[in-house]
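**Student:** Heads up: the protein sequence lines correspond to chains A and B, in order.
With this note's numbering, letter number 511 in the first sequence gets 511, and the count goes up by one each step, no holes.
With this note's numbering, letter number 57 in the second sequence gets 57, and the count goes up by one each step, no holes.
Worth flagging that the hints you see were computed from the coordinates, not collected in a lab.
Do not take every clue at face value.
Partial list, computed: chain A residues near chain B (C-beta under 8 Å) [said to hold, decoys possible]: (1) ARG306; (2) ALA797; (3) TRP800; (4) MET803.
The calculated label-pair distances, taken between Cβ atoms and stated as ranges, are [stated by the list, open to error]: (5) GLU551(A) with ASP257(B): 52 to 62 Å; (6) LYS466(A) with GLU84(B): 35 to 45 Å; (7) GLY786(A) with ALA291(B): 48 to 58 Å; (8) GLU262(A) with ASP257(B): 34 to 44 Å; (9) LEU46(B) with ASP153(A): 20 to 30 Å; (10) ASP257(B) with TRP743(A): 51 to 61 Å; (11) ASP205(A) with LEU46(B): 53 to 63 Å; (12) GLU551(A) with ALA291(B): 55 to 65 Å.
Note that the Cβ used here is the ideal one computed from N, Cα and C, for glycine as well.
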Amino acid sequence: MTIVDDPQTRPGGDYEHGRDHEHNPSADAPERPIGFGRLQRKEDPRFVRGQGNYTDDVVLPGMLHGAILRSPVAHARIVSIDTSEALARPGVRAVLTGKDLEPLKLAWIPTLSYDVQAVLATDKVRFQGQEVAFVIADDRYAARDALELIRVDYDILPPVIDVRHALDAGAPIIRDDLEGRTNNHIADWDCGDSVATDAAFAKADVVLKQEIVYPRVHPAPMETCGSVADFNRVSGELTLYVTSQAPHAHRTVIAMVSGIPEHKIRVISPDIGGGFGNKVGIYPGYVLSIVGSIVTGHPVKWMEDRSENLMSTSFARDYIMTGEIAATKDGKLLGIRASVLADHGAFNGVAQPTKFPAGFFNLFPGSYTWEAVYGKVTSVYTNKAPGGVAYACSFRVTEAVYLVERMIDRLAIELNMDPAELRLKNFIKPEQFPYDNKAGFEYDSGQYEKTMRHAMDLIGYDELRKEQAEKRSRGELMGIGISFFTEGVGAGPRKHMDILGLGMADGAELRIHPTGKAVVRISVQSQGQAHETTFAQIVAEEIGIPPEDIEVVHGDTDQTPFGLGTYGSRSTPVSGAAVAMVTRKVRDKARLIAAAMLETRPEDLEWEKGRWFVKGDPSAGKTIQEIALAAHGTMELPEGVDGNLDAEVTYDPPNLTYPYGAYFCVTDIDRGTGKVTVRRFLAVDDCGTRINPMVIEGQVHGGLTDGVGMALMELIEFDSDGNNLGGSFMDYLIPTAMEVPDWETGFTVTPSPHHPIGAKGIGESATVGSPPAIVNSVIDALRPLGVTAMDMPCTPARVWDAMQGHATPPI
Amino acid sequence: MQIPAPFDYARATSVDDAVALLTRYGEDAHVIAGGHSLLPMMKLRLARPDWVIDINDLHDLDYIRRDGDQLRIGALTRHRTLLESAEVLSLFPIVTDAERVVADPIVRNRGTIGGSLCQADPAEDLSTVCTVLGAEAVIHGAAGDRTIGMEEFHRGPYETAVAFNELLTEVRLTIRPRSSSAYEKVERRVGDWAVAAAGAAVTFADDGTLDDVAIGVTAVGLVNRVASAEAVLRGEKPSESAIAEAGRLTGEAVDPDADQRGSVEYKRHLANELTQRVLRRAIARAQGLEA
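Isolated chain A, as found in the complex (with noise of 0.2 Å):
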């Protein structure tokens, strides 16, 4: 086959000035965009008319259901179980503990951080909520109520829940399981350079210490987990529609785990209603319900309910940091440390790449050239819910994100200085990219300025501070928040990023029917994303078939080509550029049996959307419909060309991508309450060309109400005893429509330079960046009154404490 030097087929191609693809004002126009545009979601007529198929949604003939016994404690020894009761129950058709499982090896399974978690416990519990017995019964009623027959007896133990106090001498030891453990400590961790941050801080004017809590929260999808496992004991074949992110990894995992061979295992990942990283773990509920259908061999479903989804799967952050910021007077950055205690429950669970065990906190220098930065992570077990990386997070870049944009505002603050001219003054220049974030990042491109001026335009930002002025003469409060985030998204080059030894990429398949029609098949998986739409659209892009003519394929181990699925913003940075390489391989090959239509040679041969003509001819030409059906017909093909129109990649990125943004939130606070109200929020974000634009105001949209959630509202707390306080949405806030404004939003476009369309991920910007503005925004309303720092959720009655004088961490 004969490569020609297409500028198009390169990295980068044409969208490398940043050319706008909106041509179309609204995804109703008429006019539907072949590519790039707004376009309404091919996915969402079975969505709206409730024909969408979740996991719950899945019959099969003979189906039992199972249900979890879940400790009620935090620690405890398990002296004893008895299942009699229940097993003697109509309708139950077995009980399972920890002691059928250990003879089938499936007690303990390897979590995504080398570490183990039980399945049921056998020794002890070891937070409240934890999987004890699973009880298998012909309907979910049955199954639900032979729990309440279970008799199990406790010997209850201290529990450790007070993280900060999980180091000490003495703490009860939680993980006796594990060979030689003497105490409560998983890893230490650091980045970037102590000695020279040393020496950058030796040098500042001012020297600023502040710690920040991120507390934990959960993701909440609106499905929670479950799975069906059906087990063919004839032909050995298992078949689990699981809420699952990462179809092909979990089937690779439970291959790994139960010893069924990958080839017989076809995991089928169906529509899932939210995931946010809360269905990237394999949950003891899944193992169970493919042990259950071994055990009865019928078909057994597991879905967990609302409080057991908030109570046992994975949670998010929990770092309490401590944030250093070193400057000179007229606010030059210097240094920056940050120092974290990270609790990460009971089990080490985190999801994310094996040799960043703090995930990608190495973001933490943010937006900002320093002379240089250290930072370090220190990760313990406590008697709770294992998990740590989940909700729209980032790998981590979330808490990175937080505590640099809220040490900004400190020094802002301790400067006398505007928290938009610190950040303006000390941004990374253009030209500095591609730029060594000197904690072993290297950003791929921004325009930071420029993003952050049209930012304070579209707000109106000297407007703003003048009506806050006039707001405080009269003793009202109002805050202006400020947050500029960079993250890394699109994990990632293989030679650096694995999960359980499985390299971070992905494959595309694609397929041009004879009729011009095309299907492709791609590894990630939508839980919400839009996916069935902008894959499409880049194919449509690529190669000018209509998206409503491109029919794409997820979500099924055995349709799909391998890769790692869709978490951490990943999709359209590794599966994306898969599907525009793919597409560009078939366009190739269409370019040679066009040449061969036409009588002339390949590279006699120019592209225009949707078709081959001969240069300088523009008449003579064949679209790619005609070009697929002479593929798959009768006339003779050039050599080395087989008979179709199909092609398949497996795309290794060779760097994250950096989106980044700039964020503004006006709050007011009433000062007799200390309720706030979020007046403003504005998002421009840079993701790099926009495939479509309608769908990232929706991913914006939905993170930035995360953020006013996390915020103002969310947070999973314990009482001394290890008691969940955030076990159902009647104590776990999330917010409504009318805690959140209308949303202003707003975009510059800086493409990757490495990326084949030059697309950035989108989907957890608004989820990283909200944060610290709002809270930002709150400190600043607060400023009249003498506060400089406080920490989320900014409840009513947590801003009343800080305006007291008394802000408290919450944990």
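Once you have looked at the hints, place chain B on chain A.
**Tutor:** The following block gives chain B in isolation, referenced to the frame of chain A:
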């Protein structure tokens, strides 16, 4: 899906039928109206009735009717109906204030005034409203109707004077001239239980003094009216200093618990602050200065 413990279900066809069903099934039966308190508690298995008696077919209990100097509200009247009633707004704006912040629209579409009062949750808004307005409750049992005041109606958290074989059928509010009222709540989020709330009703005498004042608070450990604070204002012309003193006394009188919604100190502060706000608003409304 959260699943309640097993229960049986019966649908009442009339008030007498409901009372008969409740009598037959005894203390382990529970009336369901809107269901937005009972069903979550059943799903969490905190409530485990053997029988659920559904009164949603008793449409003759769904009304707002003026009768002389009384406004009679059927127990099955939905929150949304109360919220949208112009008559309620003009006569008792405290009810409209409260209905705006009762849970969320989904709950207000189904939930009823009778259900709210009988649930008697300490953070429930309409109990405070009815206490402040001096409402009467009509309770129907096998022996017929009995009518009692709110002080008698409320026995404590989750406890009322309605016996297991009785049904609350009507709430009566007395219409007074030169009167108005107001309610304000602080919550962490729409639909959350109140951190604290306060309600006030005032009646002016001809000479511009306050003939009567009623103050009630929600979710701060006080079921009855705040007599000490009311006394500061009664018989006087309203003044900022008296309002401030009434707020201060209310903050002293309450007995809140510290929880995730706030400290004792904060809740006392809110009782004070919100009492002052609702007094100012009720007075301004009665004087025709504010809607």
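**Student:** Each of the hints needs a verdict: does it hold here or not?
**Tutor:** Structure-based check of each hint:
1. Using the Cβ-Cβ criterion of 8 Å, the hint placing ARG306(A) at the interface with chain B is satisfied: the shortest such distance is roughly 6 Å.
2. A least Cβ separation of about 3 Å between ALA797(A) and chain B falls short of the 8 Å threshold, and the interface hint therefore holds.
3. Taken as an interface hint, TRP800(A) checks out: its beta carbon lies about 5 Å from the nearest beta carbon of chain B, inside 8 Å.
4. Because the beta carbon of MET803(A) sits about 10 Å from the nearest beta carbon in chain B, more than 8 Å, this interface hint is broken.
5. At about 58 Å, the beta-carbon gap between GLU551(A) and ASP257(B) stays in the expected band of 52 to 62 Å.
6. Against the hinted window of 35 to 45 Å, the Cβ-Cβ separation of LYS466(A) and GLU84(B) comes to about 41 Å, which satisfies the hint.
7. Range check, GLY786(A) to ALA291(B): about 37 Å between beta-carbon atoms, so the 48 to 58 Å window is missed.
8. The hint said 34 to 44 Å for the Cβ distance between GLU262(A) and ASP257(B), and at roughly 55 Å that hint is violated.
9. Between LEU46(B) and ASP153(A) the beta carbons are some 24 Å apart, a value that agrees with the proposed interval 20 to 30 Å.
10. Take ASP257(B) and TRP743(A): their Cβ atoms lie about 37 Å apart, and the range 51 to 61 Å is violated.
11. In this structure the hint that ASP205(A) and LEU46(B) lie 53 to 63 Å apart at CB holds, the actual value being about 59 Å.
12. Roughly 57 Å separates the CB atoms of GLU551(A) and ALA291(B), a value that falls within the hinted 55 to 65 Å.
Taken one by one, the earlier hints fail for this structure at numbers 4, 7, 8, 10, listed in ascending order.
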